[in-house]
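Undergrad: Sequence:
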Amino acid sequence: MKESNQRWCSDGFEFCCDNGERLRVTFALDCCDREALHWAVTTGGFNSETVQDVMLGAVERRFGNDLPSSPVEWLTDNGSCYRANETRQFARM
Numbered sequence: 001m002k003e004s005n006q007r008w009c010s011d012g013f014e015f016c017c018d019n020g021e022r023l024r025v026t027f028a029l030d031c032c033d034r035e036a037l038h039w040a041v042t043t044g045g046f047n048s049e050t051v052q053d054v055m056l057g058a059v060e061r062r063f064g065n066d067l068p069s070s071p072v073e074w075l076t077d078n079g080s081c082y083r084a085n086e087t088r089q090f091a092r093m
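The sequence shown begins at 1 in UniProt numbering and counts up by one.
It is worth saying that the hints were derived from the structure and are not from the lab.
Any given hint might turn out to be false.
To be verified - Simulated restraints, written as ranges between beta carbons of each label pair: (1) T43 x P71: 22 to 28 Å; (2) F13 x W74: 25 to 31 Å; (3) E3 x G57: 28 to 34 Å; (4) R22 x M1: 30 to 36 Å; (5) R34 x N78: 36 to 42 Å; (6) M93 x D18: 36 to 42 Å; (7) G64 x E21: 31 to 37 Å; (8) W39 x E73: 26 to 32 Å; (9) E86 x C17: 28 to 34 Å; (10) K2 x R22: 35 to 41 Å; (11) D53 x R22: 39 to 45 Å; (12) M93 x C31: 28 to 34 Å.
Here the structure is a predicted model, which means the values were calculated and not measured.
Glycine included, every Cβ here is placed at the ideal spot set by N, Cα and C.
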């Protein structure tokens, strides 16, 4: 990407802390400048609501209370939290 705010990607990862606790991180990155726009961390699983929170946080960070002037392409894997009807409907708002 040659310009920011055209394509963002999202994914998640998990790691184990020294105390044995597992942390799961969901994040959104701008594909141009690779800035981490927003993320969520939990010791439980993440779901559609978590993804929606990350999406909203990313938009608010880049655009404040305004909406982008053109649609932002949102790239993800096919995880169930990204394919959920609630997530897809939220992304169209």
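Undergrad: Hint by hint, say whether it matches the structure.
TA: Hint by hint, here is what the structure shows:
1. T43 x P71: 22 to 28 Å: The hinted range 22 to 28 Å is violated for T43 and P71, with Cβ atoms some 34 Å apart.
2. F13 x W74: 25 to 31 Å: violated (18 Å)
3. E3 x G57: 28 to 34 Å: Since the Cβ atoms of E3 and G57 sit about 21 Å apart, the hinted range of 28 to 34 Å is violated.
4. R22 x M1: 30 to 36 Å: The hinted range 30 to 36 Å holds for R22 and M1, with Cβ atoms some 33 Å apart.
5. R34 x N78: 36 to 42 Å: violated (22 Å)
6. M93 x D18: 36 to 42 Å: Because 41 Å falls inside the window, the suggested range holds.
7. G64 x E21: 31 to 37 Å: Between G64 and E21, where Cβ atoms are some 35 Å apart, the hint holds.
8. W39 x E73: 26 to 32 Å: violated (19 Å)
9. E86 x C17: 28 to 34 Å: Holds, since E86 and C17 (Cβ atoms, about 30 Å apart) stay within the stated range.
10. K2 x R22: 35 to 41 Å: Given about 38 Å between the Cβ atoms, the range holds.
11. D53 x R22: 39 to 45 Å: Since D53 and R22 have Cβ atoms about 20 Å apart, the given range 39 to 45 Å is violated.
12. M93 x C31: 28 to 34 Å: violated (21 Å)
Against the hints set out earlier in the document, violations occur for numbers 1, 2, 3, 5, 8, 11, 12.
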